[in-house]
Amino acid sequence: MLALKNITKIYSSNIIALDNVSFEVNSGEFVLLIGKSGAGKSTLLKILRREEDPTKGQVYFKNKNLLELSRKRLGEIRRKTSAIHQDFKLLNKKTVFENIAVPLEILGKSPKEIKNEVYKVVEKLKIKSKLDQIAGTLSGGEKQKVCLARCLISKPEVILADEPTGNLDPLASYEFIEILKEINKDGVSIILATHNREIVESLKTRVLTLNDGRLIRDENPGKYTLV
Amino acid sequence: MLNKIKKIIKSGYNLFWQEKIISLINLGTTILVTFFIWFGFLSFYFFHQMINYLQQRLDFSIYFKTNVTRDEILKVQKILEQFPGVIKVDFVPQEVAFKKFQEEAKSNPVIAKALKELQTNPLVDYLIVKAENSEVYPKIADFLEKSPHKAYLDYITYFENQRVIKKIISISNQLRLLISVLIIVILAFSSLIIFNTSLVSIYSQKEEIEVLKIIGADNWFIRGPFFVYIFIFSFLGYIISLGILILFLMKTENFWPTIISNFQPSIFISENFLILNLIAFGLILTINLVSAFMSMEKYLKK
Numbered sequence: 001m002l003a004l005k006n007i008t009k010i011y012s013s014n015i016i017a018l019d020n021v022s023f024e025v026n027s028g029e030f031v032l033l034i035g036k037s038g039a040g041k042s043t044l045l046k047i048l049r050r051e052e053d054p055t056k057g058q059v060y061f062k063n064k065n066l067l068e069l070s071r072k073r074l075g076e077i078r079r080k081t082s083a084i085h086q087d088f089k090l091l092n093k094k095t096v097f098e099n100i101a102v103p104l105e106i107l108g109k110s111p112k113e114i115k116n117e118v119y120k121v122v123e124k125l126k127i128k129s130k131l132d133q134i135a136g137t138l139s140g141g142e143k144q145k146v147c148l149a150r151c152l153i154s155k156p157e158v159i160l161a162d163e164p165t166g167n168l169d170p171l172a173s174y175e176f177i178e179i180l181k182e183i184n185k186d187g188v189s190i191i192l193a194t195h196n197r198e199i200v201e202s203l204k205t206r207v208l209t210l211n212d213g214r215l216i217r218d219e220n221p222g223k224y225t226l227v
Numbered sequence: 001m002l003n004k005i006k007k008i009i010k011s012g013y014n015l016f017w018q019e020k021i022i023s024l025i026n027l028g029t030t031i032l033v034t035f036f037i038w039f040g041f042l043s044f045y046f047f048h049q050m051i052n053y054l055q056q057r058l059d060f061s062i063y064f065k066t067n068v069t070r071d072e073i074l075k076v077q078k079i080l081e082q083f084p085g086v087i088k089v090d091f092v093p094q095e096v097a098f099k100k101f102q103e104e105a106k107s108n109p110v111i112a113k114a115l116k117e118l119q120t121n122p123l124v125d126y127l128i129v130k131a132e133n134s135e136v137y138p139k140i141a142d143f144l145e146k147s148p149h150k151a152y153l154d155y156i157t158y159f160e161n162q163r164v165i166k167k168i169i170s171i172s173n174q175l176r177l178l179i180s181v182l183i184i185v186i187l188a189f190s191s192l193i194i195f196n197t198s199l200v201s202i203y204s205q206k207e208e209i210e211v212l213k214i215i216g217a218d219n220w221f222i223r224g225p226f227f228v229y230i231f232i233f234s235f236l237g238y239i240i241s242l243g244i245l246i247l248f249l250m251k252t253e254n255f256w257p258t259i260i261s262n263f264q265p266s267i268f269i270s271e272n273f274l275i276l277n278l279i280a281f282g283l284i285l286t287i288n289l290v291s292a293f294m295s296m297e298k299y300l301k302k
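From first to last, the protein sequence lines stand for chains A and B.
Counting from 1, position 30 in the first sequence corresponds to residue 30 in the working numbering; the numbering is continuous, with no gaps.
Counting from 1, position 126 in the second sequence corresponds to residue 126 in the working numbering; the numbering is continuous, with no gaps.
Any given hint could be a false lead.
Claimed, not checked - Which residues of chain B face chain A? A partial, calculated answer using Cβ under 8 Å:
| no. | residue |
| --- | --- |
| 1 | M1 |
| 2 | N3 |
| 3 | K4 |
| 4 | A188 |
| 5 | A217 |
| 6 | F221 |
| 7 | I239 |
Unchecked claim - Pairs of lysine-lysine residues, derived as BS3-like cross-links and limited to a Cα-Cα distance of at most 27 Å, are as follows:
| no. | chain 1 | residue 1 | chain 2 | residue 2 |
| --- | --- | --- | --- | --- |
| 8 | B | K78 | A | K128 |
| 9 | B | K301 | A | K94 |
| 10 | A | K112 | B | K78 |
| 11 | B | K146 | A | K93 |
| 12 | B | K146 | A | K155 |
| 13 | A | K80 | B | K298 |
| 14 | A | K93 | B | K6 |
| 15 | A | K94 | B | K146 |
| 16 | A | K115 | B | K130 |
| 17 | B | K298 | A | K56 |
| 18 | A | K155 | B | K6 |
| 19 | B | K78 | A | K72 |
| 20 | A | K109 | B | K6 |
| 21 | B | K20 | B | K6 |
| 22 | B | K10 | B | K75 |
| 23 | B | K75 | A | K115 |
| 24 | B | K75 | A | K109 |
| 25 | A | K115 | B | K4 |
| 26 | A | K72 | B | K10 |
| 27 | B | K298 | A | K72 |
| 28 | B | K146 | B | K78 |
| 29 | A | K94 | A | K5 |
| 30 | A | K204 | A | K185 |
| 31 | A | K72 | B | K6 |
| 32 | A | K72 | B | K206 |
Said to hold, decoys possible - Using C-beta positions, here's what the derived DEER-type ranges look like:
| no. | chain 1 | residue 1 | chain 2 | residue 2 | range |
| --- | --- | --- | --- | --- | --- |
| 33 | B | K298 | A | T137 | 24 to 32 Å |
| 34 | A | E76 | B | L192 | 57 to 65 Å |
| 35 | B | F231 | A | R214 | 35 to 43 Å |
| 36 | B | W17 | A | R73 | 47 to 55 Å |
| 37 | A | E76 | B | L182 | 50 to 58 Å |
| 38 | A | S27 | B | M294 | 41 to 49 Å |
| 39 | A | D186 | B | M294 | 42 to 50 Å |
Derived by calculation from the structure, the hints in this document are not laboratory data.
Where is the CB? At the ideal position from N, CA and C, for every residue including glycine.
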């Protein structure tokens, strides 16, 4: 469903962030992306949504080359490949409701439809009581749940999570990963970048390891590949 | 689509109240720039009226020899009335001229006494020519010099006033150039102020723009609320400054004609109210929108 082919990213200061990285992610897969800070995890996730362009290589989502898409079509793809960030990327001056509703407003849905959809998602994530609260006043765990709710409302096929537990306490991190597992069970592919060893050990799922911009290992439970 | 438009308008309106300090700065900038633009308009009007005032004071009179009949003078009057750029040609008979001279000389006892002692009217019939602008007078003088009526003419005051007329033409042209430069400078200065304020406004919203891009919003969904916001503060700022300007002109209505009798800004504004406001508000809105568009582009490229 999602494929990277020979991706290289060199920043203007000649820093090689990614070096000839290739892999595929199938529908419904849960993939962990690990590596130390500066290994290229965030860059890779940004390239997967074309928030950044690679220096070389191709990115495919459902056989469509993202690098050849117009800005308008790219918006559609971004709604299908939702992102969760360590720093939440919420509209901090707006309410939780307004934050979650944005993807549907972009699609031009009616207020009634938006309200119904928002209520469904917040009930699922147990944040209904926070709907009228200003996003900037929430705790880290709550903010991450709002961020996830905003992803889910546009019914994504893939969720790209960049260190989503980085700013959360252990309990909130555990709770958040459990929610991600539930969402994955519903058929949504998840690519989770982390350097939290506990998460890696608890998930027992496919792990891609990046080191200095190179994909050095692609491990699957029962299947081990040295790249 | 309708829901999307409603949302864009609502977001733009909310942005105005949400970002109070930035809105206040934008409002202040708009008020300032509106004053600049109106200053440009009124300067243009002032110089235009000043040129007219000076031109009206130009004496272009044609005096005829004593043996020329009134019919022949009236013929010349008719010819000149058809001359391009001539507004009117008045015939002044020698009796009227003499009466006028007597009236003017009342305050001078020497001349008054001399006129009383004089048994005959020493003045002659003449024509007073009024043209659209001072550039027409040399052409009339040239035309008369070459025409068969040259023999009727005693003298033309143009030749006496030639130096003054040429000076006025030169001043008029220089003033026109000055007004054009002034308006260009005002527009450039206004654009710079608005562009800088716009950069600050958009910069303060860059995180919101980034978030909307990440969620997958198209560029017009992001630009739209800013454009609505710009319309709101531009309109409000314009109305406030126009109100202040009108109030100021009403309070000083009697002062302006003391500078030049035909300089009456309130009449100028009321006669051209629609077109002036369309130009001024159109300029402000366009500069604001273009500035916002340009400031936003770098955040929308991702």
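How the hints compare with the structure:
1. M1: 6 Å, holds
2. N3: 5 Å, holds
3. K4: 4 Å, holds
4. A188: 32 Å, violated
5. A217: Check passed: Cβ of B/A217 comes within 5 Å of chain A, closer than 8 Å.
6. F221: With a minimum Cβ separation of about 6 Å from chain A (threshold 8 Å), the hint on B/F221 holds.
7. I239: This interface hint is violated because 28 Å lies over the 8 Å limit.
8. B/K78 to A/K128: 92 Å, violated
9. B/K301 to A/K94: 24 Å, holds
10. A/K112 to B/K78: Given that 27 Å is the threshold and the Cα spacing comes to 80 Å, the pair is violated.
11. B/K146 to A/K93: 82 Å, violated
12. B/K146 to A/K155: 91 Å, violated
13. A/K80 to B/K298: The given pair, whose Cα atoms are some 24 Å apart, holds under the 27 Å limit.
14. A/K93 to B/K6: 20 Å, holds
15. A/K94 to B/K146: Roughly 83 Å separates the two Cα atoms, so the pair is violated.
16. A/K115 to B/K130: The hint is violated at about 76 Å.
17. B/K298 to A/K56: 23 Å, holds
18. A/K155 to B/K6: 24 Å, holds
19. B/K78 to A/K72: 72 Å, violated
20. A/K109 to B/K6: Holds - the C-alpha atoms of B/K6 and A/K109 are around 11 Å apart, at most 27 Å.
21. B/K20 to B/K6: Holds, at roughly 22 Å.
22. B/K10 to B/K75: 73 Å, violated
23. B/K75 to A/K115: Violated, at roughly 88 Å.
24. B/K75 to A/K109: Given that 27 Å is the threshold and the Cα spacing comes to 82 Å, the pair is violated.
25. A/K115 to B/K4: 15 Å, holds
26. A/K72 to B/K10: OK: A/K72 and B/K10 at ~23 Å, within 27 Å.
27. B/K298 to A/K72: The given pair, whose Cα atoms are some 17 Å apart, holds under the 27 Å limit.
28. B/K146 to B/K78: Holds. B/K146 to B/K78 sits at ~17 Å (cutoff 27 Å).
29. A/K94 to A/K5: Judged against 27 Å, a Cα distance of about 39 Å means the pair is violated.
30. A/K204 to A/K185: 14 Å, holds
31. A/K72 to B/K6: Given that 27 Å is the threshold and the Cα spacing comes to 20 Å, the pair holds.
32. A/K72 to B/K206: Given pair A/K72, B/K206 holds - Cα atoms ~20 Å apart, limit 27 Å.
33. B/K298 to A/T137: 24 to 32 Å: 31 Å, holds
34. A/E76 to B/L192: 57 to 65 Å: 39 Å, violated
35. B/F231 to A/R214: 35 to 43 Å: 52 Å, violated
36. B/W17 to A/R73: 47 to 55 Å: Hint violated: Cβ distance 35 Å, outside 47 to 55 Å.
37. A/E76 to B/L182: 50 to 58 Å: Hint holds: Cβ distance 51 Å, inside 50 to 58 Å.
38. A/S27 to B/M294: 41 to 49 Å: With Cβ atoms ~42 Å apart, the hint holds.
39. A/D186 to B/M294: 42 to 50 Å: The hint (42 to 50 Å, Cβ to Cβ) holds, given that A/D186 and B/M294 are roughly 44 Å apart.
Hints 4, 7, 8, 10, 11, 12, 15, 16, 19, 22, 23, 24, 29, 34, 35, 36 from the list above are not met by this structure, while the remaining hints are.
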